[in-house]
Amino acid sequence: MNSLELFLAHALRLEEDSAVRYDEMADALSVHRKSEVARLFRKMAHYSRLHLAEAERRAAGLVIPRLKAWEYQWPGDDSPENAPAEEADYAMNDRDALLLALKGEQGAYAFYSGVAADTADDGIKAAASEFAAEEGEHVALLEDWLSRTPDTGPVIDLDPPAALA
Amino acid sequence: MNQVIAHEVDFTDYKSDVTPVWCPGCGDYAVLSAITKALAGLGLARENVALISGIGCSSRIAAYTSVYGFHGIHGRALPIAQGLKLARPDLTVLCAGGDGDGFSIGGNHFMHACRRNLDLTYIVMDNNVYGMTKGQASPTSAADWTESKLTPEGPGVPPFQPLDIALAAGASHVARCFSGKVQMLTKTIAEAIQHPGFSFIQVISPCVTYRPEMRDFKNLVHESFTEACTDRREARRRLIDDDGFSLGTLFKSVEPSYKPSHRNSEPLDELERQFAL
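Here the protein sequences come in this chain order: A and B.
Reminder that position 115 of the first sequence reads as 114 in numbering that gives the first Met the number 0, one-by-one numbering, no gaps.
Reminder that position 227 of the second sequence reads as 226 in numbering that gives the first Met the number 0, one-by-one numbering, no gaps.
Hints are computed from structural coordinates only; laboratory data are not their basis.
Hints may contain errors.
Claimed, not checked - Sample of chain B residues at the chain A side, in silico, Cβ under 10 Å: (1) P19; (2) T185; (3) R214; (4) E265; (5) P266.
Just so it is clear, CB atoms sit at the ideal spot from N, CA and C, and this is done for glycine as well.
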């Protein structure tokens, strides 16, 4: 990351990807009539969109590079705040959903913290530190939420797949 | 020819308003994301792209994009896609489906599409199972997979080898990806679209409902096809040691495509005369 513009391009993509992923999981759970879990993911999508709006405010007036999806310098295989979709399940409960969302928020926190730690650019460091702090607040919020959410076990399926019966 | 648009687009512009009905955790969501991001990255105009699919969970994908789509019949996505490409060579044609649709019901079409080497991209979301019909063994299920009630002792036959078949039949761009590696998958799809010939991508796309053990595939995949072979024999040699989890573009070569003779079409009354009994 050698410019604030490039960093903000990553932040904008990360937050939009995250919102889309959360919405996707909310939609998927809604289709399977898991409205409580869907509501939780919808709320996470809302938080990501708030961050996206903030990144857009910071980017106002700057020339943000348009990167192709494969040109982003992510530390892993996917946009870092994307909750690991393969861990979702039609029988997941609220606690499972919170754990999944926690992984997404931890990924974003690690990304922003890593950028802040590695850069020599004061502007990038300030922005990345601020974003990391906000993601850290989300992590803490989810951890608190988790501590108040008992594990109720998987949702009972009266017609389970043969492989799971 | 892939026609590029001038204004900037976002990948969400390539998604439709139809909500997917795939199970939560399904790998096909990532494939949808990768296809739309590849199209956005290449800046292709939606009206110049068509996505043709067959039948099965993954074949629903055509409805979830905003490009032209054709949700075909079981196993026949490739004939439709090839017909479209021959009739409208100016379009960017994508074809998508699952392992049952592509390798069993449509297995014959797969081989001959590879032979014709028309300029289109075929993406198979391979989940090793017939998910839509609740979990029967598919052509790529292991011989000893015993979790289906229809094959309690396993299918008993070795799984279909998509990359071997594609190579042997003449596909000119052959790759394998994993749905959990979205950035790599996106790049591979973009390269396949740009490749002037038949591009085949096997995407390992876990069905977490009927094959929950596939969640662990993310720990088994490895990026071993680091550089595409341009020599078909060398690509075959690389497959000898393939464990089914090697990722990357295995083979890429610009080779001749099937070109039909373009004779003038007959007038309608002449066609009617020929079909008269």
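Tested hints:
1. A cut of 10 Å between beta carbons decides the hint on P19(B): the least distance to chain A is about 7 Å, and the hint holds.
2. Taking 10 Å as the C-beta contact cut-off toward chain A, the hint placing T185(B) at the interface holds, the least distance being around 5 Å.
3. Interface restraint check for R214(B): the shortest CB-CB distance to chain A comes to about 6 Å, inside 10 Å, so the restraint holds.
4. Interface hint at E265(B): violated, since its Cβ lies 46 Å from the closest Cβ of chain A, which is beyond the 10 Å cut-off.
5. Checking P266(B) against chain A: minimum C-beta separation of about 48 Å lies over 10 Å; hint violated.
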